[in-house]
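> The lines below spell out each chain.
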Amino acid sequence: MTSIHIPFTREQVISLKVGDAVEISGVIFTGRDAVHKYLHDGGDLPPGVNLKDGIIYHCGPVVMQDEKGGWKVTAAGPTTSTREEPYQGDIIRKFGLRGVIGKGGMGERTLSACKESGCVYLHAIGGAAQVLAECVKKVRNVYFLEKFGSPEAIWELEVEKFPAVVTMDAHGNSLHQEVFASSQAELARRL
Amino acid sequence: MEDLNVLQSSLVEIIRKTSAEIPEDVHQSILQALEHEKKGTIAEAAIKIIDQNIALAKRKSQPICQDTGSIIFYVDCPVGFDEVSFTETARESVKLATRKGFLRQNSVDSLSGKNDGTNVGPGSPTVHFHQHRESEIKVRLILKGGGCENVGAQYSLPNEKLKANRDLDGCRRVILDAVLQAQGKGCGPGILGVCIGGDRATGYEFSKQEFLRLIPDRNPVPELDALEQDVLKTANELGIGPMGFGGKTTLLGVKICAANRLPASFFVSVSYMCWAFRRQGAILSNGFEIQKWLY
Numbered sequence: 001m002t003s004i005h006i007p008f009t010r011e012q013v014i015s016l017k018v019g020d021a022v023e024i025s026g027v028i029f030t031g032r033d034a035v036h037k038y039l040h041d042g043g044d045l046p047p048g049v050n051l052k053d054g055i056i057y058h059c060g061p062v063v064m065q066d067e068k069g070g071w072k073v074t075a076a077g078p079t080t081s082t083r084e085e086p087y088q089g090d091i092i093r094k095f096g097l098r099g100v101i102g103k104g105g106m107g108e109r110t111l112s113a114c115k116e117s118g119c120v121y122l123h124a125i126g127g128a129a130q131v132l133a134e135c136v137k138k139v140r141n142v143y144f145l146e147k148f149g150s151p152e153a154i155w156e157l158e159v160e161k162f163p164a165v166v167t168m169d170a171h172g173n174s175l176h177q178e179v180f181a182s183s184q185a186e187l188a189r190r191l
Numbered sequence: 001m002e003d004l005n006v007l008q009s010s011l012v013e014i015i016r017k018t019s020a021e022i023p024e025d026v027h028q029s030i031l032q033a034l035e036h037e038k039k040g041t042i043a044e045a046a047i048k049i050i051d052q053n054i055a056l057a058k059r060k061s062q063p064i065c066q067d068t069g070s071i072i073f074y075v076d077c078p079v080g081f082d083e084v085s086f087t088e089t090a091r092e093s094v095k096l097a098t099r100k101g102f103l104r105q106n107s108v109d110s111l112s113g114k115n116d117g118t119n120v121g122p123g124s125p126t127v128h129f130h131q132h133r134e135s136e137i138k139v140r141l142i143l144k145g146g147g148c149e150n151v152g153a154q155y156s157l158p159n160e161k162l163k164a165n166r167d168l169d170g171c172r173r174v175i176l177d178a179v180l181q182a183q184g185k186g187c188g189p190g191i192l193g194v195c196i197g198g199d200r201a202t203g204y205e206f207s208k209q210e211f212l213r214l215i216p217d218r219n220p221v222p223e224l225d226a227l228e229q230d231v232l233k234t235a236n237e238l239g240i241g242p243m244g245f246g247g248k249t250t251l252l253g254v255k256i257c258a259a260n261r262l263p264a265s266f267f268v269s270v271s272y273m274c275w276a277f278r279r280q281g282a283i284l285s286n287g288f289e290i291q292k293w294l295y
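The listed protein sequences correspond, in order, to chains X and W.
One point on numbering: in my numbering, the residue at position 49 of the first sequence is 49, and numbering is uninterrupted.
One point on numbering: in my numbering, the residue at position 281 of the second sequence is 281, and numbering is uninterrupted.
To be clear, the hints were calculated from the coordinates, so they are not data collected in a lab.
Be careful, since some hints might not be right.
[What the hints assert, rightly or not] List of simulated lysine to aspartate or glutamate pairs, DMTMM-like, C-alpha gap at most 25 Å:
| no. | chain 1 | residue 1 | chain 2 | residue 2 |
| --- | --- | --- | --- | --- |
| 1 | W | K100 | X | E178 |
| 2 | W | K58 | X | E134 |
| 3 | W | K114 | X | D41 |
| 4 | X | K137 | W | D82 |
| 5 | W | K114 | X | D33 |
| 6 | W | K100 | X | E108 |
| 7 | W | K60 | X | E134 |
| 8 | W | K38 | X | E178 |
| 9 | W | K58 | W | E13 |
| 10 | W | K95 | X | E178 |
| 11 | W | K38 | X | D41 |
| 12 | W | K100 | X | D41 |
| 13 | W | K60 | W | E2 |
| 14 | W | K58 | W | E92 |
| 15 | X | K147 | W | D116 |
| 16 | W | K38 | W | D225 |
| 17 | W | K58 | X | D41 |
| 18 | W | K161 | X | E108 |
| 19 | X | K72 | W | E21 |
| 20 | W | K163 | W | D225 |
| 21 | X | K137 | W | D225 |
| 22 | W | K292 | W | D82 |
| 23 | W | K233 | X | D44 |
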C-alpha cells in the first residue's frame, strides 16, 4: 500500500505502476461532466481551486447541509470516467494535474497525457459510496453549486486514506487495455 | 387523505430501504464471489470494499451508491385502483426522500441543464402499473444508476460484424458482446436483464423487469434457462472481473425473457445492473401500510 499526499509530486507519480494499491490523503476537488466541458471550453477555475500537483475526483456526491450551513458528504463513490475522455488529456496538461480518480478507466488520449505530463489514473471502487464517504473528513468549500447543481459542482474535500488502485500509469500502461484485449481473445475462443 | 399520508410514509420507507440495503439474494451472491476470487488480488480487495460498503450503508441508513439512479416503481394493484393518486403520492414521496438524503438530487432538465433538486420531472419517477384480479397491492422499486444504464445495449439482428443471426446463437453472441464492451464500466460484477424480441421500447422495458427476479432462480423456459446459464458461465471465463480489474467474477447473474416481435424486427435488448443492485418491494395493506417485505 502506497500513501499519496497532496501536493502529489512528479517523482511519486513516476514511481507508481499499474496494479499498485494506494491511499490518498489531503485536499482534492471533485469535477465531472459539466466541469470538464466548461474547462475544456476555456472556462476559468474559480479562485480557490488549485489543480496543480493535485487530484481531480470524478464524483457527484450526496451532500447534506446542516442548520448552520455546514456541509457533510453522506455518499461519495466515483462516477464513470470515460465520458471525460474528450476533455481529460487537455485538462491534465493545462492545469498540471497529477492524478485523476474515477472508475471504469479512460482511453488513449488520457493515457498519452498521463505519460507526457506525469499523471496517473486512480481507480476507486464504483458504488462504494459509504466506505469512500467515510474517508472524506471535511467539506472545505463548494464552487459552481448554483451553476451546475450539487452532483456536478466542484466540491473541495479533505480526504484521509482514500483507497484506490493505479490502473493507468505514467509509463503508458493501462490495465483497462490489457483486460479488454485478453477478454476479447477469450471471448473469440468461446463463440 | 389519511390513507394517502400512510401511503407516503410507506413509499418513503421503501425508497430508504431500497437505497440503503442490498437485497439478501444479491448480498449472498456477492459473498460467493468474494470466496471465489484469488486471495491477495485487487479483484478480491475490490469485493471486500464492496462488502464493507454494504454493511456500512445499512448501518448508517444512507445510500449504498451516491448515484441513486432512475426511480422505477412497479405496482401490482386491483382493478379500480386509483392510479392518479398513487402517482401523485409517489412524486411527493420522492421529493421527501430526496430532502432526507435517501436519494441524491439526481434529475436534470435535459434542455436547460438545470437540476431543481427535487428528483421529480418528466419521466421521474416512472411508475408501471399492472392490474390484477386480486386484492393485493404490491409495490416494487428499482433504483438504477447511470453508470450501468450507460453500458446497456440494444442489438438489431442479423448483425454481420458479430456474425449474429436470428437464432439463439446470435442472441448469445450479442449478449456476450455487451459484456465485453461493458468491461468494468457498469460497476461489475453485474447482473444482466435481457429481452429477446419486442420493439425498441418494450425490449428495454422487459429487460429491466427481469431485475425483479431473484438472483438464484431458474428460468422456467428450458431454452432461456440454458442460455442464461451459458452466458453466465462464459462471461465469468473472460477474466474481466470486479470493476474490470481482471478476475473470476464478471457477472453475478443473467436473466432473459422473450417477447413477440414483428417479422421485420429482431431486437436483443441488454440492460446491465451494477453490483449495487437496488431492488426492494413490499405488499401493502388496503390502508397502504407495509405488511411484508418482498426481498
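> All hints are to be evaluated individually against the structure, with a verdict given for each.
Results of checking the hints against the structure:
1. W:K100 / X:E178: violated, 42 Å
2. W:K58 / X:E134: holds, 14 Å
3. W:K114 / X:D41: This hinted pair holds, its Cα atoms lying about 19 Å apart.
4. X:K137 / W:D82: Violated: K137 (chain X) and D82 (chain W) sit about 47 Å apart, past 25 Å.
5. W:K114 / X:D33: It holds: about 14 Å lies between the C-alpha atoms, which stays within 25 Å.
6. W:K100 / X:E108: Roughly 41 Å between the alpha carbons, so the hint for K100 (chain W) and E108 (chain X) is violated.
7. W:K60 / X:E134: holds, 11 Å
8. W:K38 / X:E178: holds, 19 Å
9. W:K58 / W:E13: holds, 13 Å
10. W:K95 / X:E178: Given pair K95 (chain W), E178 (chain X) is violated - Cα atoms ~44 Å apart, limit 25 Å.
11. W:K38 / X:D41: violated, 45 Å
12. W:K100 / X:D41: violated, 36 Å
13. W:K60 / W:E2: violated, 30 Å
14. W:K58 / W:E92: The hint holds at about 24 Å.
15. X:K147 / W:D116: It holds: about 11 Å lies between the C-alpha atoms, which stays within 25 Å.
16. W:K38 / W:D225: Violated, because 28 Å separates the two Cα atoms, which is more than 25 Å.
17. W:K58 / X:D41: Between K58 (chain W) and D41 (chain X) the Cα gap is close to 41 Å, so the pair fails against 25 Å, i.e. violated.
18. W:K161 / X:E108: holds, 24 Å
19. X:K72 / W:E21: holds, 21 Å
20. W:K163 / W:D225: holds, 23 Å
21. X:K137 / W:D225: Since the Cα atoms of K137 (chain X) and D225 (chain W) sit roughly 48 Å apart, the hinted pair is violated (cutoff 25 Å).
22. W:K292 / W:D82: holds, 21 Å
23. W:K233 / X:D44: violated, 50 Å
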